[in-house]
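Sequences listed follow chains H and X, in order. Count along the first sequence from 1, then add 37; that gives the number in this note's numbering. Count along the second sequence from 1, then add 37; that gives the number in this note's numbering.
Keep in mind that the hints were calculated from the coordinates and are not lab data. Worth double-checking, as some hints may not be accurate.
Intra- or inter-copy, both count: the list cannot distinguish identical chains.
[Said to hold, decoys possible] Capping the alpha-carbon separation at 20 Å, the derived lysine to any residue pairs in SDA-like fashion look like this:
#, residue 1, residue 2
1, K338, L425
2, K356, D176
3, K688, R353
4, K555, E80
5, K501, S592
6, K149, N597
7, K376, D102
8, K555, D245
9, K619, F658
10, K688, T241
11, K261, Q206
12, K501, G593
13, K501, D102
14, K452, A432
15, K501, E80
16, K376, I412
17, K688, D247
18, K376, A340
19, K501, I77
There are 2 protein chains.
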Amino acid sequence: MLHHRNRRTIRPFLAAAGVGSLALLAACGGSGGGADVGAIARERNLTDADVIAAVKTYQPTGRMDEYIMLASGGHSGQMLVVGIPSMRLLKVIAVFTPEPWQGYGTGPDGHKELFASARMADHDLTWGDSHHPALSETDGDYDGQFVFINDKANPRVAVVDLRDFETKQIVTNPNMGANHGGTFVTPNTDYIIEAAQYAVPLWTDYADTDDYQAQYRGLVTFHKFDRDAGRINEAETFSIELPPYWQDLSDAGKGPSDGWVFINTFNTEMATGGIEAGNPPFEAGASQNDRDYLQVINWEKAAQVAAANRGVRRARGQKVITLQTAIDEGLVFLVPEPKSPHGSDVTPDGRKIVVSGKLDPHVTVYSWDKIRNAIENEQFTGRDPYGLPIIDFDAVVDGQLEVGLGPLHTQFDNKGNAYTSIFLESQVTKWQIEPLQVLDKIDVHYNVGHIAAAEGDTRSPDGKYLVSMNKWSIDRFNNVGPLLPQNFQLIDISGDKMQLLYDMPIGFGEPHYAQIIKADKLHPFEVYPEIGYDPETMDTAADAVQPGQERTTRSGNTVNVYMTAVRSHFNPEYIRVRQGDKVVVHITNVEQTRDATHGFGISKYNINLSLEPGETETVTFTADEPGVYPFYCTEFCSALHLEMAGYLLVKPR
Amino acid sequence: MLHHRNRRTIRPFLAAAGVGSLALLAACGGSGGGADVGAIARERNLTDADVIAAVKTYQPTGRMDEYIMLASGGHSGQMLVVGIPSMRLLKVIAVFTPEPWQGYGTGPDGHKELFASARMADHDLTWGDSHHPALSETDGDYDGQFVFINDKANPRVAVVDLRDFETKQIVTNPNMGANHGGTFVTPNTDYIIEAAQYAVPLWTDYADTDDYQAQYRGLVTFHKFDRDAGRINEAETFSIELPPYWQDLSDAGKGPSDGWVFINTFNTEMATGGIEAGNPPFEAGASQNDRDYLQVINWEKAAQVAAANRGVRRARGQKVITLQTAIDEGLVFLVPEPKSPHGSDVTPDGRKIVVSGKLDPHVTVYSWDKIRNAIENEQFTGRDPYGLPIIDFDAVVDGQLEVGLGPLHTQFDNKGNAYTSIFLESQVTKWQIEPLQVLDKIDVHYNVGHIAAAEGDTRSPDGKYLVSMNKWSIDRFNNVGPLLPQNFQLIDISGDKMQLLYDMPIGFGEPHYAQIIKADKLHPFEVYPEIGYDPETMDTAADAVQPGQERTTRSGNTVNVYMTAVRSHFNPEYIRVRQGDKVVVHITNVEQTRDATHGFGISKYNINLSLEPGETETVTFTADEPGVYPFYCTEFCSALHLEMAGYLLVKPR
């Protein structure tokens, strides 16, 4: 029924023209639509910089984007897939929050099991606060296979398979109250790193904050990733007990610093707030010290200690290396860093660690060689209250550079430059790493949190594009009520001066961080590889229904319906049961045409499935309410889509 | 802390330049960023038409869009707010599906009541299949006050207030199995129209389809809207019993046809499918007749009949005008229309009704004058099996025009032209209404369902823009797995020939329909009008907490926490309770700065609120699980946002 056509062709004169004013005229004032670009630009009050930005970002129909950005969706609980340079939202990936378009958590038995495995404190969880996506890496470069993301609110980590952009696993962390320093991966994705944020009691289930220093603890967890299985192997996951400072962002070492991880902390004051009792609130109490600590952790050695069960305890079933063991084995060291740090970012060559403190206008650059030497030579200035050695700041710092007020997070390009988000001044500062100097600043709008550069967390960043993830948009977009979108601003970083290209409102969720991968590294399925494929196992389903095998069977009070979906009917078109029956619908979309997705929604039974070409799903429910309930295809699939329907008839007992 | 700045200025040479080649050069090859447009266009393989499209759609930072599109989100259950011409997603409005970024259904007691009121068949419903948004109208023009939308899967209608773009009410329809022909409003928004789709038993709770013709019924419901209250007044809502044909799209009359509504039907065959029993499936059985019926309904008279309780019965509590009464009172008439129709669209002047049948290549245009005359003169050719009079097709048809294969839905411009989506050929056809002739066709990509034109459903369409809402995107965007985005294509309809301007992937939900309103008609709140405002009542909350009034009180096992949120702390910072306590948190965001939204998320208790400036919410929960649970601000609000936190301490019993 569908006609594949693309009548669009590149005008020969453009492809062939040389550089020069004639070509410019041809390009800009040519015959397209009878209009001329200059007149349109004037009519629309566009500057020449605007026209250039438009032409740098516009993607005509059918044009693929060069990069794909995987952004967290913040407390939407989801992830966002955005094309660059067009800044178009290609997909929302449902992760922690049920989403019916994807049939995620609104029917399939597999999702019920996933959500059941992801409960915490005996509560069903239907949201998450997704923060930091991490693409899987091979040898320090994104490999396009998986993306991971943490839930800050309910300390969890999810695994998304980039073959079908679907969530496959959610792992809970029983020993954290909330996380923040995750997810970050080691350079070959051996481990997915999750660091805590607000400390909670570790070795006891309950303690008031009167016992904060004795009972509350920080934590970092290393989730072992099994790449072949595409799953975290919790049996090989381990944690390290840390002082009850609040951990913040993290980054894994690479190259010479591979085997180590660098985790910022704040609230080394161990303030416990309580404004209602006349105490300084957390914002003041946690901002008193001039220095907090960068935690420098030898995860490679820690993994050996954990594997050997040396000085390890179980907390709520999880293997935890105790703080004493961490000290004894030399796993954790503290490096002083400027007050209330946020970003911790390892340079592409793995030789430096860049830290920026939101209450200090500098970036602080540490030398990995110097840190390693200081550790080997025990250049410690003392120990923290928990006995962790504190490395001499002056022995390991490479330099500090004033970049602006409220520097948060740093990314890198392919020319030895770094870019730091400046929250209070709403700017991005471009600076040179060696020797340290500020090169350029650009305004952003407004209150930038993270920034993300093309392949910016890898050993080989691409430069070219940087996205400023601004928290406030204020006056940038049409008023859509008191809850405003965020603003992703695309910046061209290919030249000496940064150039603002595009404002993308994010009117769904509040993204915290993103990674940007070259699009040609991704190789997703166009359709599932065979008819009867189960996305939960990424294999043929045992109960796949092939055409001709459709049937309904009854065994006691259980009715099994083996159904197929094809344009434009279900088979069978009736599910006739008695009130109280358990109904199990096994349904296969037997199409192999790209985009020939069918939905399966049942009226008033709160069930909707999304069946992509080849996909099999199973949904089990109790026919508890008698009556007549239409079911129908919820995805507009064909001219006779509205006729793709049937009835669930639940006969009263 | 935030610096409002906009250093962007229009280059004087552009504003001042006259039309001519020099201006073109200046506009295109000027000094902006040292680049030239022609070179960039060639490097990016852009045609001159592409460059023009780029310049017509690009919005530099801070530039407002001219139109706002309210689109359904299909089975995401939400609505989408899109700016035109930039085609940027400004917001997702949570309607039928909980959404934590907006704190919708993830905490506030008011939302719990909303969802409780929206249950059906004794099931919690956490999704909907949102189809057709309808903007409120005054005198046949969008007034920018409200937008309504239906849930096809669970026959419901929702009310969204455009002061804050939030859902205020969801009304269930107990007498439908699923709806489709909704929502559409009468020209002054007296009624919100909802027509059924798949017929179900009306006067009995259960009947098998053996009794289809006797027991199953179609239905149209007129929900009375109380504009002052901003709510549907169900006490004044009424329905009309209809034959068990499947109703489809509808449109209310306007101008001379005001007081009437025109509802398409298909499956006038009353086929009941059953492919598994050797019957033709619905797609075949429901497509046998050459003609189906347009239902022409006098809603103004029906409202009087319902108000007078003449020939009215109650079905599941709802006032229903019986089919016999509809016949006796002359409320419903049938007009034959081409096989399996979809769109029913009244021209802006209210004088014609355009119907297109997806299995017929024509649009059929009826004259309202002729229909009214035929009704007055009883020019009937007979009656349907239920006794409804059938109007003589030839007496009322104005003309038919071949527009392409699979015409679905028609919109209008300000020059007397109509635009019809052509599903099977993936085109939009532009045609002239008087005299009937095809003017232009444009390819779209692919499988267009609805189309939406600027102010296209009003008495005064604007022309200028049309959006083609394509169901399949196939090869238009980067591969993001087997579930593909839809594709909204923006088309310039200001000239003689339609021009494709932009492809917008919709990677969230499957929008069915949209309406496009001039942006300057919308006047949403920038912040809530006072501190302590309750969005559920749109009034000051009785339990609003003003600064200085923060406190915690206990009464028996109930703990009331009166909390404020401000950059960058909560007050109080501790909620100390005993296991089993009922906890009621009354929380007010005391800010009045635009965009100063705070979130309130509690770890592991599945609670997240979004508190826009001035907003008050109340959340009640049982502290059933002992332990230590951080709570924190989930919306990045300030440099010390991470410190905006506290603890819920649940002491074990």
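Hint-by-hint comparison with the structure:
In this homomeric assembly, K338 and L425 come within 20 Å of each other (Cα to Cα) only inside a single copy, at 16 Å, whereas the closest approach across copies is 84 Å. Taking the shortest alpha-carbon separations for K356 and D176, neither the intra-copy value of 27 Å nor the inter-copy value of 69 Å comes in at or below 20 Å. With identical chains, the CA atoms of K688 and R353 are at most 20 Å apart between copies only, with a shortest distance of 18 Å across copies and 47 Å within one. In this assembly of identical chains, the alpha carbons of K555 and E80 lie at most 20 Å apart only when taken from different copies (19 Å versus 36 Å within one copy).
With identical chains, the CA atoms of K501 and S592 are never at most 20 Å apart, being 62 Å at best within one copy and 61 Å at best between copies. Taking identical chains as interchangeable, the C-alpha atoms of K149 and N597 lie at most 20 Å apart only when both belong to the same chain, with a minimum of 18 Å there against 34 Å between chains. In this assembly of identical chains, K376 and D102 lie within 20 Å of each other by CA distance neither inside one copy nor across copies; the values are 40 Å within and 42 Å between. For a Cα distance limit of 20 Å, the shortest separation of K555 from D245 qualifies neither inside one copy, at 48 Å, nor across copies, at 56 Å.
For a Cα distance limit of 20 Å, the shortest separation of K619 from F658 inside one copy, 6 Å, qualifies, whereas the shortest one across copies, 32 Å, does not. For the homomeric pair K688 and T241, the shortest alpha-carbon distance between copies (12 Å) is at most 20 Å, but the shortest distance inside one copy (53 Å) is not. Taking the shortest Cα distances, K261 and Q206 sit within 20 Å of each other inside one copy (13 Å), while across copies they are farther apart (47 Å). Neither within a single protomer nor between protomers do K501 and G593 lie at most 20 Å apart by alpha-carbon distance, with minima of 64 Å and 63 Å respectively.
Taking CA atoms no more than 20 Å apart as the test, K501 paired with D102 passes inside one copy only; the shortest distance there is 13 Å, against 28 Å between copies. In this assembly of identical chains, the alpha carbons of K452 and A432 never lie at most 20 Å apart, being 27 Å within a copy and 77 Å across copies at closest. In this assembly of identical chains, K501 and E80 lie within 20 Å of each other by CA distance solely across copies; the values are 15 Å between and 31 Å within a copy. Taking the closest pair of Cα atoms, K376 and I412 never come within 20 Å of each other, the shortest separation being 23 Å inside a single copy and 82 Å across copies.
In the homo-oligomer, the alpha carbons of K688 and D247 lie at most 20 Å apart only across protomers (13 Å), although the nearest pairing inside one protomer, at 60 Å, exceeds that limit. When the C-alpha separation of K376 and A340 is checked against a cutoff of 20 Å, the pair qualifies neither within a copy, at 31 Å, nor between copies, at 70 Å. Taking the shortest alpha-carbon separations for K501 and I77, only the inter-copy value of 14 Å comes in at or below 20 Å, while the best intra-copy value is 28 Å.
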